[in-house]
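Student: Protein chains in written order, with the working numbering: chain A, 1 to 79; chain B, 1001 to 1511.
One or more of the hints may lead you astray.
The following residues of chain A were derived to be distant from chain B, with all beta-carbon distances above 12 Å [claimed, not checked]: (1) ILE20; (2) PHE24; (3) LEU76; (4) PRO77.
Pairs of lysine to any residue, SDA-like flavour, derived with a Cα cap of 25 Å [what the hints assert, rightly or not]: (5) LYS6(A) <-> THR1476(B); (6) LYS1306(B) <-> LYS40(A); (7) LYS75(A) <-> ASP1330(B); (8) LYS1229(B) <-> VAL62(A); (9) LYS30(A) <-> ILE1469(B); (10) LYS6(A) <-> ALA1496(B); (11) LYS30(A) <-> THR1476(B); (12) LYS75(A) <-> ASN1234(B); (13) LYS1378(B) <-> ASP1330(B); (14) LYS70(A) <-> ASN1237(B); (15) LYS70(A) <-> ILE1469(B); (16) LYS40(A) <-> ASP1330(B); (17) LYS70(A) <-> ILE1115(B); (18) LYS40(A) <-> ILE1115(B); (19) LYS1302(B) <-> LEU1283(B); (20) LYS6(A) <-> PHE52(A); (21) LYS70(A) <-> LYS1378(B); (22) LYS1411(B) <-> LYS1306(B).
Which bits of chain B does chain A cover? Going by a derived footprint, with three or more residues having C-beta under 8 Å, they are [to be verified]: (23) 1014–1025; (24) 1451–1463.
By construction, these hints were calculated from the structure, which means they are not laboratory data.
Backbone N, C-alpha and C fix where the C-beta goes; we use that ideal spot for every residue, glycine too.
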Amino acid sequence: MNGLKKALGIFWIILGPASIIFMFMQAIEKVGLAPEGVAKTNTALQWGIILFIFIPISAGLVVFGYYALKGEYDKLPED
Amino acid sequence: MNVEPQKNSIFKVIGASSLGTLIEWYDFYIFGSLATIIGSQLFPADAGASALINTLAIFAAGFIVRPFGALVFGRLGDLIGRKYTFLLTLVLMGGSTFLIGLIPSYSSIGYAAPILVLILRLIQGLALGGEYGGAATYVAEHAPANKRGFFTSWIQTTATGGLFLSLGIIVLTKNILGAEDFAAWGWRVPFLLSILLVGVSIYIRMKMHESPMFTKLKTEGNVSKNPLKESFSNKANFKMVLLALFGATMGQGVIWYTGQFYAQSFIENTCKVDFNDSRYILLWGIAFATPFFVIFGSWSDKVGRKWIMLTGMLLGIIFYRPIYQIFLDDTDVSQVTQSDIKEVSNPVVTRTLIENTSDSLITTTSQVTLLNGASFTKIQAHTKYADLSKPASIAPDAFKDKKLSTPVFWKFVFLIFFQILLVTMVYGPIAAFLVELFPTKIRYTSMSLPYHVGNGVFGGLVPFIATLIASFSGSTPLSGLWYPIGIAALSFVIGAIYLSNKKPDHGEADH
């Protein structure tokens, strides 16, 4: 199980930035598609808030993956 | 320290904590439930400006301010104590809710009205971010280690209970006052009523004592000097914060929001079920499922928290799409045949000119009642062009205000009940699970952040992201479900592989 925990660490490290790139692409596409004027500002505001909150979460996933890779979760305090 | 308080006193602790938390959730949800009326009364008629302020009120309050409130009040709770911190959050939440009910309309004070709504909504989000962690920690620190799941599960009933109370009071007020008075001024009643509920709750909470574990820490001079630093700079603790978020609260958040908010929204907006029916279905589902918060919380004291929570996620992953397919199939009236129809009302025909053209839109609306008791409104529309050489274009028939037959209504209640049952599995044990992950001195801070990021951000984004996915080309009405299914699957995998299934030890020492 510890080997699997470590191996999956690499996946979590990749998943973090991949999800942010995907969200950036979605944001650019959806803001671009929105009609000019307030609707465009509104869509940009929504996506701005989402990216603002998801960038640290994705960074957290990378740190989680790094800890997993380093074996930090091999033994938890309550084990 | 093993805490074995008198049974009487622990139920007072649970009662005082749960009542306040229930009222906070009630306060938070009435805004969402009355958003349309608030929009028409307090926001400018200009749809663009209104949408901008709405976006800030909904997105900022839910996704930024809630986790921020978790940090601010979590830190305060670890520094000065649980009791005074969650008293403060209650005052802030109750005060801002009451004040929303007093804001003059946009026609009276102009842009000051939506700006005041926005400020008060942000205070609500901040207060909610601080309340839950305080209440859960306070109850858990009064409870014996082998009954933490049972005692904290009462706190877990409050989020769903608050939703139930908000829907119930809104439906009741609307029925008593009538739709016209409710839209004019009656919508303020649920907001104003909050001050009474909050007053009672503050009175009860004032009489409670500080948590015994925090009091012990304080007496020994072991209170954390910088809870934020100790929670997030200390690798041993931070890795548990990340594990709690990705392995538990993230999945819990999407299961919670899908089973209640998304389900109701799907039935009302996608299946076009009547406004009242869609709410009654949810109310019945909540009423039947709520006791299971306590059942699963209590069971987790015996078998551990992990697999109960993860089973709830797994069942959601497996059953969401079949359940929502049933919702769609059972409300599809496009294939109704003449032999199914009992009665069709006289059609009402309206003709409107299409803006900036001489073309006309002709709409025919009729009320159809079926032999099985179901009914719906059928709308047929076609465009008649001013240029008579062009043939009229006919839009596909549309249906709305569907009232379900009795068997289908109860089938939907069962399907909503089942989804809320999954909510009780993931949510019932989670307070005890979070409390046990972190040491007393930084518990309030450490558990509040993953909870509010998981619940507020991942869960709160279910409607937005589900709608976004549904806008992709080639998507179907069920495509939006891939978001909660994907997040729950990710959380399930992380939880199954990385979490331990800790079973409480009767003689366990608290840290």
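Student: Run the structure past the numbered hints and jot down the numbers of the failing ones, going up.
Tutor: 3, 4, 5, 6, 7, 15, 16, 17, 19, 20, 21, 22 and 23
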